[in-house]
Amino acid sequence: MLKLNRRAFLSASAATLATPALLRAQSGAIKIGTLTPLTGVGGTYGPSMRDAILGVVAQVNEAGGILGRQIEVASEDTQTSPEAAVRAARKLIDVDGVSAILGTWASSITTAVAPLAWESKTMLMCVSGADSITKLPHQGFICRTQPNSILQIQVAGDFMVAEGATQMAWIGPQTPFAASSIDILEQIAAANGAGMESLIYEADKSTYRSEVDQILRGKPDFIMLGGYAADSTVLLRDIWQAGYEGKIIGPAYAVNAGLLDTLPSAVTEGIYTWEGAPAVNSAAYANVKAILGVDEVDPYSAQTYDHASLTILAMAAGGDSSGDTVRQNVRSISQGDGQIVESAVDGLAALAGGINYSGASGPCDFNEIGDITGTQFVFKTISGGKPSEYKRV
Amino acid sequence: MLSYLLATLTFAGVYALLALGLNVIWGMAGMINLGLAGFFALGAYASALATVALGLPIIVGIVIAIAFAAAAGALLSRLTLNLRGDYLAIVTLGFSEVIRLIAANEIWLTNGSDGIPGIPGPLRGTLTPLEFNALSCALLFAAVGLAWWMTERLRRAPFGRALRAIRDDETAAAVAGKPVRRYKVQAFAIGAGLLGLAGAAYAHFTSYVAPDIFRPLLTIYIFLALTAGGTGNTSGAVIGAFFVILILEGSRFIEPLFHGLSGAQGAALREIIIGSSLILIMRIRPQGLLAERPPKSLRTQ
Amino acid sequence: MDLIPQLLVNGIISGALLAIPAIGFTAIFAVLRFPNFSVASLATIGAFAGYAANVGLGLPAVPALVAAFMVAGLVGLASDEIALRPLRPYGALTAAIASIALTIVLENMVRFGFGNDLRGYDLPLVRDWRIMGVRVGPQQVQNLALALVIMAGVFAALKFSRIGKAMRAVADNPTLAELKGIDPVRVGRLTVFVAMGLVGAGGMLLGLGTSIDPLTGFRFILPIFAAAVVGGLGSIPGAALGAMVVGIGEELSLLVLSPAYKSAVGFIAIVLVLAFRPRGLLGERAY
Numbered sequence: 001m002l003k004l005n006r007r008a009f010l011s012a013s014a015a016t017l018a019t020p021a022l023l024r025a026q027s028g029a030i031k032i033g034t035l036t037p038l039t040g041v042g043g044t045y046g047p048s049m050r051d052a053i054l055g056v057v058a059q060v061n062e063a064g065g066i067l068g069r070q071i072e073v074a075s076e077d078t079q080t081s082p083e084a085a086v087r088a089a090r091k092l093i094d095v096d097g098v099s100a101i102l103g104t105w106a107s108s109i110t111t112a113v114a115p116l117a118w119e120s121k122t123m124l125m126c127v128s129g130a131d132s133i134t135k136l137p138h139q140g141f142i143c144r145t146q147p148n149s150i151l152q153i154q155v156a157g158d159f160m161v162a163e164g165a166t167q168m169a170w171i172g173p174q175t176p177f178a179a180s181s182i183d184i185l186e187q188i189a190a191a192n193g194a195g196m197e198s199l200i201y202e203a204d205k206s207t208y209r210s211e212v213d214q215i216l217r218g219k220p221d222f223i224m225l226g227g228y229a230a231d232s233t234v235l236l237r238d239i240w241q242a243g244y245e246g247k248i249i250g251p252a253y254a255v256n257a258g259l260l261d262t263l264p265s266a267v268t269e270g271i272y273t274w275e276g277a278p279a280v281n282s283a284a285y286a287n288v289k290a291i292l293g294v295d296e297v298d299p300y301s302a303q304t305y306d307h308a309s310l311t312i313l314a315m316a317a318g319g320d321s322s323g324d325t326v327r328q329n330v331r332s333i334s335q336g337d338g339q340i341v342e343s344a345v346d347g348l349a350a351l352a353g354g355i356n357y358s359g360a361s362g363p364c365d366f367n368e369i370g371d372i373t374g375t376q377f378v379f380k381t382i383s384g385g386k387p388s389e390y391k392r393v
Numbered sequence: 001m002l003s004y005l006l007a008t009l010t011f012a013g014v015y016a017l018l019a020l021g022l023n024v025i026w027g028m029a030g031m032i033n034l035g036l037a038g039f040f041a042l043g044a045y046a047s048a049l050a051t052v053a054l055g056l057p058i059i060v061g062i063v064i065a066i067a068f069a070a071a072a073g074a075l076l077s078r079l080t081l082n083l084r085g086d087y088l089a090i091v092t093l094g095f096s097e098v099i100r101l102i103a104a105n106e107i108w109l110t111n112g113s114d115g116i117p118g119i120p121g122p123l124r125g126t127l128t129p130l131e132f133n134a135l136s137c138a139l140l141f142a143a144v145g146l147a148w149w150m151t152e153r154l155r156r157a158p159f160g161r162a163l164r165a166i167r168d169d170e171t172a173a174a175v176a177g178k179p180v181r182r183y184k185v186q187a188f189a190i191g192a193g194l195l196g197l198a199g200a201a202y203a204h205f206t207s208y209v210a211p212d213i214f215r216p217l218l219t220i221y222i223f224l225a226l227t228a229g230g231t232g233n234t235s236g237a238v239i240g241a242f243f244v245i246l247i248l249e250g251s252r253f254i255e256p257l258f259h260g261l262s263g264a265q266g267a268a269l270r271e272i273i274i275g276s277s278l279i280l281i282m283r284i285r286p287q288g289l290l291a292e293r294p295p296k297s298l299r300t301q
Numbered sequence: 001m002d003l004i005p006q007l008l009v010n011g012i013i014s015g016a017l018l019a020i021p022a023i024g025f026t027a028i029f030a031v032l033r034f035p036n037f038s039v040a041s042l043a044t045i046g047a048f049a050g051y052a053a054n055v056g057l058g059l060p061a062v063p064a065l066v067a068a069f070m071v072a073g074l075v076g077l078a079s080d081e082i083a084l085r086p087l088r089p090y091g092a093l094t095a096a097i098a099s100i101a102l103t104i105v106l107e108n109m110v111r112f113g114f115g116n117d118l119r120g121y122d123l124p125l126v127r128d129w130r131i132m133g134v135r136v137g138p139q140q141v142q143n144l145a146l147a148l149v150i151m152a153g154v155f156a157a158l159k160f161s162r163i164g165k166a167m168r169a170v171a172d173n174p175t176l177a178e179l180k181g182i183d184p185v186r187v188g189r190l191t192v193f194v195a196m197g198l199v200g201a202g203g204m205l206l207g208l209g210t211s212i213d214p215l216t217g218f219r220f221i222l223p224i225f226a227a228a229v230v231g232g233l234g235s236i237p238g239a240a241l242g243a244m245v246v247g248i249g250e251e252l253s254l255l256v257l258s259p260a261y262k263s264a265v266g267f268i269a270i271v272l273v274l275a276f277r278p279r280g281l282l283g284e285r286a287y
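Residue numbers (the UniProt record's numbering), protein chains in the order written: chain A, 1 to 393; chain B, 1 to 301; chain C, 1 to 287.
Misleading hints may appear alongside valid ones.
Unchecked claim - Some chain B residues near chain A, calculated using beta-carbon distances under 8 Å:
no., residue
1, MET1
2, SER3
3, ASN105
4, GLU106
5, LEU109
6, PRO117
7, PRO120
8, SER207
9, PHE258
10, GLY260
11, SER262
Just so you know, these hints were derived from the structure itself, not from any lab.
Where a beta carbon is used, it is the ideal one built from N, C-alpha and C, also for glycine.
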């Protein structure tokens with residue numbers, strides 16, 4: 001008897017060493033996967049996106065888990081490459097047996113992983129903004145917390161006009177939303193009698209001096225940035241050095257805490273940012289700040305906090321841990337007349353009476369194709385290297 | 001788990017096709033092609049556009065992909081015949097970056113950085129994901145087998161011996177009356193055709209192509225595969241490709257053994273393991289797992 | 001066309017910065033006869049060493065630059081001894097491929113230690129001067145001056161010092177050099193140290209105008225290769241000249257091409273130069 005036990009123990013430990021993931025898949029825990037960029041050009045965002053998810057899961061596990069089980073997270077790196085991301089997603093789906101993949105960044109990566117998700121009935125929650133993503137035949141297995149790019153640019157374009165722009169400019173790298181951003185701003189400019197110039201540059205350059213010279217020749221008084229944090233850092237420095245005195249607006253995921261830390265505050269003074277907004281004094285937002293131990297939460301990390309909360313609540317509401325359950329229940333716990341809750345733990349406690357999850361990135365209401373609706377936007381302005389709220393729309 | 005293994009083997013098959021193509025160009029003819037990702041992209045986009053935009057059958061798309069990549073290879077090598085190895089390396093690297101920039105910026109043709117989703121795969125949708133992976137794996141293995149057989153025959157044929165002579169001493173080969181320029185262009189075109197085939201296979205298996213896929217990282221993996229397997233050795237190319245996939249995928253299972261690492265540290269550790277394993281294998285077997293041997297036909301004739 | 005003088009100034013500045021790591025890359029090629037791709041991560045390591053000296057220890061730019069040189073030189077030498085030197089007898093390409101694997105390892109060691117966050121140097125930032133309608137930044141001028149001083153130092157050392165002469169002798173004819181009693185291994189080590197030091201210093205100079213992260217070196221690697229090849233692989237003045245061609249060419253390209261195609265220009269320049277001069281602008285003599 002003892003011998004048998006010992007052998008069983010030994011083989012179990014050997015299995016743990018050899019294939020820990022396999023063993024965990026059998027242990028009865030509920031599995032969800034994070035697939036964020038930890039290396040490559042998206043690497044500035046991925047680590048804290050992952051930490052936000054881990055934080056939510058730790059809170060839920062501490063409160064007793066869901067469906068009488070603990071939740072385990074399997075993390076993989078997209079390497080910011082669609083090819084590597086597809087291999088990583090296969091491992092998450094087939095080896096770890098995750099029922100949801102959370103946090104894909106960059107539209108090309110989400111699009112590459114999407115067919116794997118819907119074919120294997122795995123939920124995919126992403127932070128990608130390209131309009132094409134929710135138009136894929138995903139049968140409900142995709143939802144995203146990032147407002148689609150058309151909506152974002154419209155809101156920001158209207159803001160620029162309202163703030164008195166007469167000569168607008170857009171400068172950014174080639175992305176899935178570069179062309180549509182320029183189109184929308186041109187329409188807004190034309191409708192309001194303003195001018196509009198645009199320039200698409202090549203990402204990953206060490207200087208954009210000549211590009212800045214070119215865009216400033218149009219004498220813009222309001223410039224919109226179209227890139228991410230790394231190239232926006234270079235660009236803002238070059239724009240400032242060129243002596244530009246007009247206004248600048250950039251998405252909050254580009255003009256984020258990392259960028260503000262890196263640049264002298266003189267360079268970033270007066271810049272506007274905008275992002276999908278949580279409710280004022282949102283408890284969800286405060287919770288992400290506590291989880292990550294930061295003062296300013298990156299919009300992407302706020303979104304992955306919501307991904308994890310939505311997934312867990314949908315599983316609990318549906319009474320099952322499958323991806324299909326998440327798909328069927330994600331809307332019932334995130335919108336409607338139920339009690340407003342702002343964390344997975346609070347939601348689990350109030351679940352029986354009906355809940356409406358409202359997250360760190362916004363109210364998290366999804367339409368039938370998985371785009372968020374009813375998003376509020378908050379505009380912030382940077383002063384002394386710190387963002388402060390300026391306006392909500 | 002089985003589905004994952006099958007998908008991983010399918011990716012290994014794509015890598016093996018790439019390594020076989022590189023083996024013809026570099027291993028057999030001695031021309032350094034750092035533009036692998038560019039030819040891979042040409043094949044992937046050609047087949048994707050043929051099947052999605054023009055509605056042609058997959059097999060026609062694949063033939064177009066091979067022809068297109070081979071033609072591009074012939075043209076590029078024709079233009080660079082006078083360049084010595086290191087210069088050719090940079091020109092081909094530049095070629096692949098230009099291809100990627102075109103794919104990202106010429107939206108009218110390639111759908112830009114959105115990429116092309118929904119590329120058909122054989123029986124995709126009617127089969128379960130597991131069955132589809134099994135079929136893809138079988139088809140890829142058949143393609144690798146065919147490519148292996150063809151390039152191995154090529155290597156043993158007079159053409160292959162002439163290529164080796166050119167690789168080892170171009171001047172001597174020219175003096176011996178070999179049509180050096182024509183042979184080099186042909187070898188480059190054949191190899192590029194295989195790279196194009198790999199691209200088409202990748203596009204139909206994963207159903208999506210986008211410019212980001214064709215960054216130089218992939219080229220690096222394939223060069224490491226061929227070097228680890230044994231440059232100039234056809235079987236070595238295939239084994240090297242499987243070996244690289246084994247390291248790339250196997251390293252995922254090592255990382256969870258280390259606790260208390262941040263996300264970036266865990267990912268960095270995995271890449272350190274990948275790079276160190278490759279250096280280690282090259283230190284242990286500098287000529288590759290399978291060193292190049294003179295083909296048998298040389299001795300029997 | 002009033003943009004042309006401005007583009008020329010921008011091009012000269014970025015060309016001069018590019019020249020430093022390109023000289024390092026080509027010097028290794030001249031002496032050891034293989035393209036060492038690990039310059040990408042050594043430029044990153046130099047940038048981070050300079051950052052640590054500047055922000056961590058509070059040193060000004062020039063001492064930080066020395067730290068970047070020393071750390072990159074030592075790491076470059078150590079990693080070359082461990083990973084690359086034993087492989088060189090098996091051919092230039094084996095060593096070149098191993099250097100790619102090495103660059104993956106080194107980049108991720110930086111990531112392991114520093115994470116992926118963007119980091120900026122602690123240097124005062126000032127608005128640009130405008131001189132006859134052309135704007136130029138004091139920081140750029142300082143970087144340009146530092147780059148020129150470093151280059152002058154390299155050329156003087158090659159020309160006049162005993163070590164420099166030995167390096168040139170090995171580059172020109174290793175067998176003959178050995179007969180003359182020059183130890184090729186020692187010269188090789190010295191070359192790797194100095195060359196990787198230059199790459200590290202160049203990485204920091206390039207990083208001064210941006211923010212740095214573990215991918216910093218990768219952003220510059222293609223123009224560095226392009227510069228070395230255009231000038232003639234293994235030619236040190238060629239690398240400096242090639243850097244100017246690539247730097248100015250990329251900026252002037254804005255006149256005719258969308259900026260989205262900027263780095264394509266470097267390669268078009270290469271193809272054009274190589275079509276007429278298959279061994280680069282200055283051929284391959286080291287100096």
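- Enumerated hints in conflict with the structure, sorted upward: Hints 4, 5, 7, 9 and 10 not satisfied by this model.
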